[in-house]
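Starting from the structure of chain G, add chain H where the hints point.
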Amino acid sequence: MAPEQSRFQTDRALLASRLRGILPPHCLLLDDEDLRPYECDGLTAYREMPLAVCLPETEAQVVDVLRTCHQLGVPVVARGAGTGLSGGAMPHAQGVVLSLARFNRILRLDPQARLAVVQPGVRNLAVSEAAAPFGLYYAPDPSSQIACTLGGNVAENSGGVHCLKYGLTVHNVLRVRVVSIEGEVFEIGSAAPDMPGYDLLALLVGSEGMLGVVTEVTVKLVPKPELAQVVMASFDDVGKAGEAVAAIIAAGIIPAGLEMMDKPATAAVEPFVQAGYDLDAVAILLCESDGTPEEVAEEIARVIAVLNAAGASEIRVSQSEAERLRFWAGRKAAFPAVGRITPDYYCMDGTIPRKRLAEMLSAIADMEQKYGLRCANVFHAGDGNLHPLIMYDAAKPGEWARAEAFGAEILELSVALGGSITGEHGVGIEKINQMCVQYATPELEVFRRVKAAFDEEGLLNPGKAVPSLHRCAEYGRMHVHQGALKFPELERF
Amino acid sequence: MQLDSLVDAVRTAYAQRLPLRVRGAGSKDFYGGMLAGDVLEVGGYRGIVAYEPTELYLTARCGTPLTEIEDALAEQGQMLAFEPPRFGVATLGGCVAAGLSGPRRQQAGAVRDFVLGAKLIDGTGQALNFGGQVMKNVAGYDVSRLLAGSLGTLGLIAEVTLKVLPRPVAEQTLLFEFDEAEAIARLNAWGAQPLPVSASFWHEGRLALRLSGAAAAVEAACRRLGGTPLEAADAFWHSVREQSHAAFSASVLWRLALPSTAVEPGLDGLVAIEWGGALRWYAGEQGAIRGAASRLGGHAVLYRAPESLRCLEGAFTALPPAMLALHRRLKKAFDPKGIFNPGRLYAEL
Numbered sequence: 001m002a003p004e005q006s007r008f009q010t011d012r013a014l015l016a017s018r019l020r021g022i023l024p025p026h027c028l029l030l031d032d033e034d035l036r037p038y039e040c041d042g043l044t045a046y047r048e049m050p051l052a053v054c055l056p057e058t059e060a061q062v063v064d065v066l067r068t069c070h071q072l073g074v075p076v077v078a079r080g081a082g083t084g085l086s087g088g089a090m091p092h093a094q095g096v097v098l099s100l101a102r103f104n105r106i107l108r109l110d111p112q113a114r115l116a117v118v119q120p121g122v123r124n125l126a127v128s129e130a131a132a133p134f135g136l137y138y139a140p141d142p143s144s145q146i147a148c149t150l151g152g153n154v155a156e157n158s159g160g161v162h163c164l165k166y167g168l169t170v171h172n173v174l175r176v177r178v179v180s181i182e183g184e185v186f187e188i189g190s191a192a193p194d195m196p197g198y199d200l201l202a203l204l205v206g207s208e209g210m211l212g213v214v215t216e217v218t219v220k221l222v223p224k225p226e227l228a229q230v231v232m233a234s235f236d237d238v239g240k241a242g243e244a245v246a247a248i249i250a251a252g253i254i255p256a257g258l259e260m261m262d263k264p265a266t267a268a269v270e271p272f273v274q275a276g277y278d279l280d281a282v283a284i285l286l287c288e289s290d291g292t293p294e295e296v297a298e299e300i301a302r303v304i305a306v307l308n309a310a311g312a313s314e315i316r317v318s319q320s321e322a323e324r325l326r327f328w329a330g331r332k333a334a335f336p337a338v339g340r341i342t343p344d345y346y347c348m349d350g351t352i353p354r355k356r357l358a359e360m361l362s363a364i365a366d367m368e369q370k371y372g373l374r375c376a377n378v379f380h381a382g383d384g385n386l387h388p389l390i391m392y393d394a395a396k397p398g399e400w401a402r403a404e405a406f407g408a409e410i411l412e413l414s415v416a417l418g419g420s421i422t423g424e425h426g427v428g429i430e431k432i433n434q435m436c437v438q439y440a441t442p443e444l445e446v447f448r449r450v451k452a453a454f455d456e457e458g459l460l461n462p463g464k465a466v467p468s469l470h471r472c473a474e475y476g477r478m479h480v481h482q483g484a485l486k487f488p489e490l491e492r493f
Numbered sequence: 494m495q496l497d498s499l500v501d502a503v504r505t506a507y508a509q510r511l512p513l514r515v516r517g518a519g520s521k522d523f524y525g526g527m528l529a530g531d532v533l534e535v536g537g538y539r540g541i542v543a544y545e546p547t548e549l550y551l552t553a554r555c556g557t558p559l560t561e562i563e564d565a566l567a568e569q570g571q572m573l574a575f576e577p578p579r580f581g582v583a584t585l586g587g588c589v590a591a592g593l594s595g596p597r598r599q600q601a602g603a604v605r606d607f608v609l610g611a612k613l614i615d616g617t618g619q620a621l622n623f624g625g626q627v628m629k630n631v632a633g634y635d636v637s638r639l640l641a642g643s644l645g646t647l648g649l650i651a652e653v654t655l656k657v658l659p660r661p662v663a664e665q666t667l668l669f670e671f672d673e674a675e676a677i678a679r680l681n682a683w684g685a686q687p688l689p690v691s692a693s694f695w696h697e698g699r700l701a702l703r704l705s706g707a708a709a710a711v712e713a714a715c716r717r718l719g720g721t722p723l724e725a726a727d728a729f730w731h732s733v734r735e736q737s738h739a740a741f742s743a744s745v746l747w748r749l750a751l752p753s754t755a756v757e758p759g760l761d762g763l764v765a766i767e768w769g770g771a772l773r774w775y776a777g778e779q780g781a782i783r784g785a786a787s788r789l790g791g792h793a794v795l796y797r798a799p800e801s802l803r804c805l806e807g808a809f810t811a812l813p814p815a816m817l818a819l820h821r822r823l824k825k826a827f828d829p830k831g832i833f834n835p836g837r838l839y840a841e842l
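Going down the list, the sequences are from chains G and H. Residue numbering for the first sequence follows the numbering used here, starting at 1 and increasing by one per position. Residue numbering for the second sequence follows the numbering used here, starting at 494 and increasing by one per position.
Next comes chain G alone, as it looks inside the complex:
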């Protein structure tokens, strides 16, 4: 394992006795059978058993746990619902898991000011459900929204299918209350705009539990659009579908959602949810328009004109809310649907400039041959975020290693095409090596200094998100500078 692991040697008995002194018995798990459910998050290929799981119920208990771990030099991994896909909540073998699951109350919902103050263990969808009677909702909607928590969303800067128009978590969080590893409580941001000093909210959101533990979140609520309609278009060529996406943007349209699925993805989904997808299409686009009825009618007409000009072979428009939800159901169920046709799948999360889409998909097709594994592609086309689903069988020797290498190659190609190794799932433990590809040593050094400004001893989520220099040297990959790989003459597809 990485050197980050060997840095810590925890006295398990001492840790247990100190934690027993600050938490009631029902808030502390110490036995292996109780710890087992926490050994991984949504990325099940990586597992580690923690020494203890703390389930505090008050902020004072969070402070006590963090202070104790700080005194003892014990690593702490914060955890929400454990739905993350990059292993960000994977425990540390010498450390404590700090679960915020019991911080599950919506503290205040202010329909006039259009905000909600929630605890970090509140589920994403629960916020929108609570806001619905006031005609409001919380915009970021990751596919896991029925289970994932706001605390986890803050940690990962989660997106969803509507972020091109409505933004990511960072655009929709107004304030967080954070406890540092030393047990100090910070208020960052407020219901008022433009906080004094540095925009620490920008730094905290997406920091993957490396800088502090969130105990309260204030989110922005927005008025629910009166109407939403979705256009579904079929294409006989992936390149044409990619050009259609660019043409929509070029026409000055920012759709509420703009998603693409390739043929293997629609083939997996259709028997599962009967969304009514065109199974002959090489790729389908889903383009959603929302707003007032007048606005939607105007925008849908423009979208259809653009899609026709871009060579769509078939176009359908949802004629009812039920049909709109059915069109989306397929997209939202893409991961479980692929899970039905393969024993295991590995979901990637690269972003690329939209115009490189056809190039990326043809490279992935070549990689399928190279690694002997199939891959279905779903794509947040509007914001260039690709989710290739690599299918493998963990029971077959060597398949996971091939899937992992396949994924790494996709991520490194994302960087080479001018994109990023992660759009919304985070680096976690999964993409720690590819961080050495996306960033050069001096930038990684700055990340380490930022981390140290919050957590000098590096006790919060060690080994995740930002690789050590040693790790990058061991991985031996070169940083891709501004899309230019070193040794460009080498075959990389």
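Everything labelled a hint here was simulated from the structure, so no lab data went into it. Be a bit skeptical, because a hint or two may be false.
To be verified - Between beta-carbon pairs, the in silico distance windows are:
1) Ala-815/H / Tyr-46/G: 33 to 41 Å
2) Leu-496/H / Tyr-46/G: 56 to 64 Å
3) Arg-821/H / Asp-34/G: 37 to 45 Å
Stated by the list, open to error - Take a look, some chain G residues computed to stay more than 12 Å from chain H by CB distance:
4) Ala-45
5) Thr-58
6) Ile-106
7) Cys-347
Where a beta carbon is used, it is the ideal one built from N, C-alpha and C, also for glycine.
Quick look at chain H alone, frame taken from chain G:
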């Protein structure tokens, strides 16, 4: 001007521990704390590096005038949606460093919401790249967004990539006669409805409300809201954005950021309300203003004032001790010798 010459200047300052005052066009010299250090002119490092309308991003060097950027965007029917003030000559670097957003902020977001990436020369003279040109990128800490509003104290912002957006198809401005309390109540009520409100400005009993979006949506909203249409609305919003409107003419001007629903704070001298009630401007010397803003859950900036008053009051609301200590540690992570714009944000930074 080449990047190398900026890097060299910073390296020299680092070696000699010389404070630098980074200056684009100097349009916001009035803003923030005291100006100290040798002036490092960066206005010559200019030009649009990349602009891809269909990818919705633009990358430009720090000295590029905002007007040059916005002209290029306008040719493609796009815009900087946060409508930063230009004060005639403002540069991109200064715009991001100051973090000031304009009338459309309530609908579209602030400067920081549009920053996708940045090239930063840190306090040791290294040119670093953070973020990128794609809309979604969660690899590493979001350092480029952190730079918005940092007043250049973390490093020399050499190049920035911004998300850009299409201009709305239609815009219409409506006028209403409301007192302060009614304006705030109406703005919040409208904000909770799916209306295409893109800007609001209240001054002396008159509220201007701008609607932007699809033509049909703007027309429908106008029918629903009533009010009197404003002719020459573009010139009016220009005067709000550039603060050439009479409301901003006081020699001492405070900028209060409050929760949009905050009640009247019990102060005299209110000259304008923007951002759906979340931004309120007060004129004149105000002893109790910082306390009043804090009590309402916001903060007050001494936006424009004679030097003597700015020295006395500080431009920005003081940070609690633990928060200030964290700021100092962060500052040090980027600028170990404290050479960039000392005192511009806080005297202690």
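Going down the list of hints, with the structure as the test:
One distance hint, 33 to 41 Å for the beta-carbon pair Ala-815/H and Tyr-46/G, holds here, with the actual separation near 35 Å. The hint said 56 to 64 Å for the Cβ distance between Leu-496/H and Tyr-46/G, and at roughly 40 Å that hint is violated. In this structure the supplied range 37 to 45 Å holds for Arg-821/H paired with Asp-34/G, their Cβ-Cβ distance being about 42 Å. With 12 Å as the threshold on Cβ separation, the claim that Ala-45/G sits away from chain H holds: the shortest Cβ distance comes to roughly 20 Å.
Once the 12 Å rule is applied to beta carbons, Thr-58/G is consistent with being away from chain H; the minimum gap is 20 Å. Listed as outside the interface, Ile-106/G is consistent with that label: its C-beta sits roughly 18 Å from the nearest C-beta of chain H, beyond the 12 Å cut-off. With 12 Å as the threshold on Cβ separation, the claim that Cys-347/G sits away from chain H holds: the shortest Cβ distance comes to roughly 15 Å.
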